[in-house]
Every structure is written in C-alpha cells, then in structure tokens.
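Participant: Those protein sequences? They're chains A and B, same order as listed. Here the first sequence is numbered in my numbering, starting from 103 and rising by one per residue. Here the second sequence is numbered in my numbering, starting from 103 and rising by one per residue.
One should not assume that every hint holds.
[Claimed, not checked] In silico BS3-like pairs for lysine-lysine, Cα to Cα no more than 30 Å straight-line: (1) Lys-224/B with Lys-199/B; (2) Lys-122/A with Lys-199/A; (3) Lys-346/A with Lys-302/B; (4) Lys-199/B with Lys-313/B; (5) Lys-302/B with Lys-224/A; (6) Lys-345/A with Lys-345/B; (7) Lys-122/B with Lys-345/B; (8) Lys-302/A with Lys-345/B; (9) Lys-345/B with Lys-220/A; (10) Lys-302/B with Lys-220/A; (11) Lys-122/A with Lys-345/A; (12) Lys-122/B with Lys-345/A; (13) Lys-224/A with Lys-345/B; (14) Lys-199/B with Lys-220/B; (15) Lys-224/A with Lys-346/B; (16) Lys-302/A with Lys-313/A; (17) Lys-199/A with Lys-302/A; (18) Lys-302/A with Lys-302/B; (19) Lys-346/B with Lys-302/A; (20) Lys-125/A with Lys-224/A; (21) Lys-220/B with Lys-302/A; (22) Lys-302/B with Lys-345/A; (23) Lys-313/A with Lys-302/B; (24) Lys-302/A with Lys-224/B; (25) Lys-224/B with Lys-125/B; (26) Lys-313/B with Lys-346/A; (27) Lys-199/B with Lys-122/B; (28) Lys-345/B with Lys-302/B; (29) Lys-313/B with Lys-302/A; (30) Lys-220/B with Lys-346/A; (31) Lys-220/A with Lys-346/B.
[Stated by the list, open to error] Chain B residues, not near chain A, derived (Cβ > 10 Å throughout): (32) Ser-107; (33) Gly-152; (34) Thr-354.
[Unchecked claim] Here are some chain B residues pointing at chain A (derived, C-beta under 7 Å): (35) Asp-146; (36) Ala-216; (37) Lys-224; (38) Ala-262.
Hint data in this document are derived by calculation from the structure and do not stem from the laboratory. This one's a predicted model, so the numbers in the text were calculated from it and none came from an experiment. Cβ atoms here follow ideal geometry from the backbone N, Cα and C, with glycine treated the same way.
Residue-level listing of the chains:
There are 2 protein chains.
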Amino acid sequence: MRDFSTSHEHLSLNTATVRKQWKLDRIIDECARRGIRAISPWRDQVAAVGLEEIARRLRDTGTRLSGYCRGGFFPAADAAGLRAALADNRRAIDEAKTVNAPCLVLVVGALPGALDGKAAYKDLARARGEVRDGIAASLEYARQVGMPLAIEPLHPMQAADRACVNTLEQALDLCDELDPGRSGLLGVACDVYHTWWDPKLAEQIDRAGPKRLLAHHVCDWLTPTRDLLNDRGMMGDGVIELKKIRGWVEATGFGGFCEVEIFSDYWWGRPGEEVLDTCIARFSSVA
Amino acid sequence: MRDFSTSHEHLSLNTATVRKQWKLDRIIDECARRGIRAISPWRDQVAAVGLEEIARRLRDTGTRLSGYCRGGFFPAADAAGLRAALADNRRAIDEAKTVNAPCLVLVVGALPGALDGKAAYKDLARARGEVRDGIAASLEYARQVGMPLAIEPLHPMQAADRACVNTLEQALDLCDELDPGRSGLLGVACDVYHTWWDPKLAEQIDRAGPKRLLAHHVCDWLTPTRDLLNDRGMMGDGVIELKKIRGWVEATGFGGFCEVEIFSDYWWGRPGEEVLDTCIARFSSVA
Numbered sequence: 103m104r105d106f107s108t109s110h111e112h113l114s115l116n117t118a119t120v121r122k123q124w125k126l127d128r129i130i131d132e133c134a135r136r137g138i139r140a141i142s143p144w145r146d147q148v149a150a151v152g153l154e155e156i157a158r159r160l161r162d163t164g165t166r167l168s169g170y171c172r173g174g175f176f177p178a179a180d181a182a183g184l185r186a187a188l189a190d191n192r193r194a195i196d197e198a199k200t201v202n203a204p205c206l207v208l209v210v211g212a213l214p215g216a217l218d219g220k221a222a223y224k225d226l227a228r229a230r231g232e233v234r235d236g237i238a239a240s241l242e243y244a245r246q247v248g249m250p251l252a253i254e255p256l257h258p259m260q261a262a263d264r265a266c267v268n269t270l271e272q273a274l275d276l277c278d279e280l281d282p283g284r285s286g287l288l289g290v291a292c293d294v295y296h297t298w299w300d301p302k303l304a305e306q307i308d309r310a311g312p313k314r315l316l317a318h319h320v321c322d323w324l325t326p327t328r329d330l331l332n333d334r335g336m337m338g339d340g341v342i343e344l345k346k347i348r349g350w351v352e353a354t355g356f357g358g359f360c361e362v363e364i365f366s367d368y369w370w371g372r373p374g375e376e377v378l379d380t381c382i383a384r385f386s387s388v389a
Numbered sequence: 103m104r105d106f107s108t109s110h111e112h113l114s115l116n117t118a119t120v121r122k123q124w125k126l127d128r129i130i131d132e133c134a135r136r137g138i139r140a141i142s143p144w145r146d147q148v149a150a151v152g153l154e155e156i157a158r159r160l161r162d163t164g165t166r167l168s169g170y171c172r173g174g175f176f177p178a179a180d181a182a183g184l185r186a187a188l189a190d191n192r193r194a195i196d197e198a199k200t201v202n203a204p205c206l207v208l209v210v211g212a213l214p215g216a217l218d219g220k221a222a223y224k225d226l227a228r229a230r231g232e233v234r235d236g237i238a239a240s241l242e243y244a245r246q247v248g249m250p251l252a253i254e255p256l257h258p259m260q261a262a263d264r265a266c267v268n269t270l271e272q273a274l275d276l277c278d279e280l281d282p283g284r285s286g287l288l289g290v291a292c293d294v295y296h297t298w299w300d301p302k303l304a305e306q307i308d309r310a311g312p313k314r315l316l317a318h319h320v321c322d323w324l325t326p327t328r329d330l331l332n333d334r335g336m337m338g339d340g341v342i343e344l345k346k347i348r349g350w351v352e353a354t355g356f357g358g359f360c361e362v363e364i365f366s367d368y369w370w371g372r373p374g375e376e377v378l379d380t381c382i383a384r385f386s387s388v389a
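Please work from the sequences and hints to get the whole structure.
Facilitator: Dropping the structure here:
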C-alpha cells in the first residue's frame with residue numbers, strides 16, 4: 103500500500119469541494135501552488151471559465167486530471183429526452199478529451215423529474231433499462247474517441263433522483279454486460295461515501311480489478327448526517343475506514359490518484375485556502 | 103395477489119406512526135374503532151402504559167400483532183455492553199411472548215456510540231461480527247420460548263448508527279449461517295423504505311420465501327427526502343412501487359399483515375385520526 107504520510111503526490115481534488123469559494127481557474131492555481139498535481143473538474147465549472155482557457159491553464163500548470171464530472175442522467179420521460187441525454191453525453195465525452203481526462207464519470211440518473219420532486223414515472227426497472235441503453239450508446243462513441251467511461255454507483259439514498267446504479271456489484275454487472283471483453287473503456291468510480299456501507303465492497307473492488315477500477319474518491323461519513331446531499335465529512339471526521347478501503351483498492355493494482363470530493367455546506371462556508379490545506383493534512387494523516 | 107381495494111383487513115399499524123399523538127392504549131382503541139385488526143408496537147410505548155395492561159387491551163379488542171419492535175442493537179464498546187445487550191434482547195423476547203407477537207423485529211445496531219455522534223470504533227466488520235454473535239445468542243433463547251426473530255435490514259444511510267445489516271441479501275446470508283435448517287425461528291422483516299432501491303430485491307424476496315419472510319412494512323420514499331430518519335412518506339406520496347413489491351412478497355406465499363410504518367415529522371404533526379384515516383384510504387388505493 104502506498105505511503106501517503108510523507109507526500110500528497112497522489113492527491114487529486116474534485117473541484118466541487120471548493121465550488122462555492124472559487125471559479126475553476128483560481129482553483130487550478132491554488133492547487134498548483136500547494137503541489138496538488140491533479141483535479142477532477144465539473145462541466146459547469148469548466149463552462150463558467152471556458153473550455154479552451156481551462157485546457158490551457160491545465161497545461162501551463164502541469165495539472166493532470168483524475169476524472170471529468172460528469173456524464174450520465176440518461177433516463178427521460180420521453181424519446182426526445184432520451185435523445186437529448188445521449189447528445190449531451192457525447193458533448194461531455196468531447197470535453198473530457200479536450201482536457202485530457204483519464205475517464206468521464208457517469209452519474210447515471212434515475213427517475214426522470216424526481217430531482218424536482220415530480221417523477222415522470224416510478225418504474226425503477228425502466229430507469230435502469232434506460233441507463234443501460236444510454237451507457238451502451240455512449241460507449242460506442244467513447245470507443246471511437248478513446249475516452250473511458252466510469253460508472254459511479256451512488257448511495258442508495260440517491261436512488262430516486264440522481265442514480266439508480268447503487269452498488270459496485272450492479273455497476274460491474276453492467277460492465278460485464280456492455281463490455282464483456284474488458285476493453286478498459288468501461289469501468290467504475292468507487293467513492294467511499296457511496297459504497298462504504300456495502301457488505302460486498304471488498305469482494306466487488308477485487309472483482310473490478312485494475313482494468314475496471316478507474317477512480318477512487320474519498321471523504322467521510324458524519325454521524326449524524328444532516329443532509330442527504332451536502333453534509334459529507336472531511337477525511338477523519340467520520341466513520342469510514344479510509345485506509346482499509348484504500349488497501350482493497352490498491353490490492354487490485356490501482357495506482358491512480360486518490361480524489362477528495364466533499365459536498366458540504368460546512369466546508370463551502372470556510373475559506374478555500376483552509377479547505378485545501380485541511381484536505382492535504384488529512385490526506386497525509388488519515389486517508 | 104390479494105385485493106386491498108375493498109377492505110383493509112390485512113392492514114397493520116406500526117404504532118410509531120402516531121407515537122407523538124397518542125399513548126399506546128389510545129392507539130389500540132383508535133385502531134379497533136376503524137377495523138384495523140393488527141398493530142406492531144414499540145417497547146417504549148408498551149412500557150409507558152404497562153405490559154400487562156397492553157396485553158389485556160389487545161385481548162379485549164381482539165387486536166393482533168404483526169410484530170414487536172424491537173430487539174437488536176447488539177454491538178457495544180466492551181464486553182459488559184455486549185452482555186447488557188443480550189440481556190435486553192432476552193427481555194424483549196419475553197415481552198413479545200406476553201403480547202403474543204408473531205416475531206420480534208431486530209434493528210441490529212451498528213457502530214456503538216455512533217447514534218450519539220461518538221463511535222467507539224469504526225470497524226464495520228467488527229460490528230457485523232458482534233451482530234452475528236448477538237443474533238446467535240438470542241436465537242438460542244428464542245428457540246426455547248418459540249419466538250421468531252426477524253432481522254430488519256435498514257437503509258444503507260443508517261449503516262453507521264442504527265443497523266449494519268443493510269440489504270436483504272446480507273440478512274438472508276445471516277439466516278443461512280445461523281439457522282441453516284430453516285426452523286422458522288429466524289427470518290427477515292422487509293420494509294420497502296429500506297429496500298426499494300435494491301437491484302436484487304425481487305430475487306432476495308423470492309430467496310427468503312414464506313419460511314423467512316416474517317414481516318412486510320410499507321410507507322413511501324419522498325422526493326426530496328429532507329431528513330435521514332423522520333421524513334418517510336405516506337403510501338402514494340413518493341416513488342416506491344408498492345404494488346409491484348407486494349406482488350413479489352405475496353408470490354412467496356406470504357399471507358401476513360401489511361404493516362404501515364411511517365416515521366415522519368409531518369405526519370406526527372397531524373391529528374392522529376387523520377393519519378389513521380389516511381393510512382386506511384391509501385392502503386386501499388395504492389398499497
């Protein structure tokens with residue numbers, strides 16, 4: 103297992119972690135200044151500055167990517183919506199290429215409209231079928247341009263509105279179905295926040311292996327957790343066994359960045375400098 | 103599949119649903135008045151009125167039980183805590199016998215202290231081992247007195263503080279391990295709130311079969327869900343496919359009560375009469 107105590111060379115920052123404090127160009131600079139060598143940016147953050155400008159700044163600072171957030175949200179109420187989702191995923195793949203991302207992370211979506219409290223339908227199996235078909239279609243284009251897709255299972259508490267792929271096992275079943283040859287172009291993103299509770303986690307990480315384990319995200323689970331979306335904890339402030347899980351991840355041969363992704367009203371309310379410095383300190387001490 | 107549209111004879115009320123409005127003696131009377139033939143009471147509600155008084159009132163009104171809530175919370179910080187948990191579960195089994203419950207529902211517990219924001223340890227595998235040992239020990243006593251134990255997997259969002267058994271598959275694996283002979287004394291309680299998201303739900307309900315499917319609880323999943331514990335929805339107000347899941351449950355041969363259990367700050371703020379009348383109406387229309 104890699105030793106994180108003496109260096110944060112393997113740290114990547116998911117830029118949602120300081121999205122309320124800074125625009126993405128500033129985030130890139132603040133990371134570079136601290137020796138954070140990689141980031142995983144969100145499309146809206148990229149768009150707010152400009153894709154080409156971000157690509158240039160990444161090159162200039164020598165900043166790498168650990169992923170690009172995000173594609174997905176495939177299910178829709180009707181055929182036009184399904185087509186629009188596919189077109190949008192194609193654009194996301196193109197953007198990921200432009201910024202030289204190692205993978206496009208897929209938050210696959212769930213019941214269409216549920217995010218606004220108005221589910222167009224309740225048929226979860228239908229949503230899962232639309233997700234499968236959407237990934238299959240996107241994978242065709244991803245193969246053409248050589249951009250791996252990483253299915254991120256989200257916590258079951260987000261099954262209604264954000265992602266109806268909720269376990270690593272389910273995500274890997276999709277990989278088996280859609281990419282039986284293990285081309286490396288379809289895999290999973292394993293975020294401890296979404297998966298730490300899973301009794302089959304170690305087994306499924308091992309099953310994924312290095313060909314399919316495309317990203318490893320960390321933060322922590324707070325007790326109590328006050329919000330289903332924006333109350334994630336800084337590493338060490340919660341109950342997730344970060345080192346144990348990282349041991350499972352690295353036992354597969356995974357040698358990529360360990361990406362810190364914290365959606366938190368608390369941390370969004372702190373100075374960005376403090377957040378990054380704390381990420382680095384905790385990364386070295388507890389991740 | 104049973105027809106619920108013309109009668110609520112199969113409705114049971116989990117008495118937590120109106121715990122803020124009435125004491126348990128009143129709840130029993132209000133249910134009896136409405137033709138609700140069964141309840142599932144909580145130990146603290148029973149204790150507040152008196153075990154013998156509740157047993158008498160159940161007999162007098164002809165009210166049956168669909169379960170008794172609850173045993174469990176096995177993990178502890180030390181040996182004394184583990185012993186205390188076993189003793190408490192023994193008392194819960196005795197109480198369940200006194201009120202003639204068909205099963206004692208187990209909310210198995212998780213990281214000790216996490217409910218107060220101070221986890222004594224973070225080792226989830228240890229907690230799961232203590233749960234297994236605790237159920238094994240309690241099952242010995244349950245066999246002696248003939249009181250089935252129903253392991254209730256809780257939603258993964260409660261894995262840290264309330265129950266580290268989080269899927270039906272995991273609960274049934276425990277049943278296989280601890281009661282390989284399928285004696286009928288160890289099974290599961292399937293609450294749609296905790297399990298609706300599970301891609302393996304249909305398969306695992308079928309696996310449970312009538313011998314191990316000891317209880318079926320309903321309510322609904324709201325979008326958005328504003329609280330991890332007390333924002334459950336009334337049947338029909340959320341996105342859970344209640345009839346589809348009940349179809350799977352009844353396909354196993356399950357013929358027991360369908361238990362309504364709603365932890366909700368909203369419904370606790372409404373008059374108890376309105377809550378019960380709404381439960382009955384929704385039971386007939388959407389459950």
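Participant: Hint by hint, say whether it matches the structure.
Facilitator: Verification of the supplied hints:
1. Lys-224/B with Lys-199/B: violated, 35 Å
2. Lys-122/A with Lys-199/A: holds, 26 Å
3. Lys-346/A with Lys-302/B: This hinted pair holds, its Cα atoms lying about 26 Å apart.
4. Lys-199/B with Lys-313/B: Measuring from Cα to Cα gives roughly 19 Å; hence the hint holds.
5. Lys-302/B with Lys-224/A: holds, 17 Å
6. Lys-345/A with Lys-345/B: Violated, because 43 Å separates the two Cα atoms, which is more than 30 Å.
7. Lys-122/B with Lys-345/B: holds, 29 Å
8. Lys-302/A with Lys-345/B: holds, 29 Å
9. Lys-345/B with Lys-220/A: holds, 20 Å
10. Lys-302/B with Lys-220/A: holds, 25 Å
11. Lys-122/A with Lys-345/A: Holds, because 29 Å separates the two Cα atoms, which is no more than 30 Å.
12. Lys-122/B with Lys-345/A: violated, 43 Å
13. Lys-224/A with Lys-345/B: Holds, at about 12 Å.
14. Lys-199/B with Lys-220/B: violated, 34 Å
15. Lys-224/A with Lys-346/B: holds, 11 Å
16. Lys-302/A with Lys-313/A: holds, 19 Å
17. Lys-199/A with Lys-302/A: This hinted pair is violated, its Cα atoms lying about 33 Å apart.
18. Lys-302/A with Lys-302/B: holds, 13 Å
19. Lys-346/B with Lys-302/A: Given pair Lys-346/B, Lys-302/A holds - Cα atoms ~26 Å apart, limit 30 Å.
20. Lys-125/A with Lys-224/A: violated, 37 Å
21. Lys-220/B with Lys-302/A: holds, 25 Å
22. Lys-302/B with Lys-345/A: holds, 29 Å
23. Lys-313/A with Lys-302/B: Since the Cα atoms of Lys-313/A and Lys-302/B sit roughly 25 Å apart, the hinted pair holds (cutoff 30 Å).
24. Lys-302/A with Lys-224/B: This hinted pair holds, its Cα atoms lying about 17 Å apart.
25. Lys-224/B with Lys-125/B: Violated: Lys-224/B and Lys-125/B sit about 37 Å apart, past 30 Å.
26. Lys-313/B with Lys-346/A: Status violated; Cα separation ~37 Å.
27. Lys-199/B with Lys-122/B: holds, 26 Å
28. Lys-345/B with Lys-302/B: Cα-Cα ~17 Å, so holds.
29. Lys-313/B with Lys-302/A: holds, 25 Å
30. Lys-220/B with Lys-346/A: Roughly 20 Å between the alpha carbons, so the hint for Lys-220/B and Lys-346/A holds.
31. Lys-220/A with Lys-346/B: It holds: about 20 Å lies between the C-alpha atoms, which stays within 30 Å.
32. Ser-107: Non-interface label stands for Ser-107/B: nearest chain A Cβ at 19 Å, farther than 10 Å.
33. Gly-152: holds, 33 Å
34. Thr-354: holds, 19 Å
35. Asp-146: violated, 20 Å
36. Ala-216: holds, 4 Å
37. Lys-224: holds, 5 Å
38. Ala-262: holds, 5 Å
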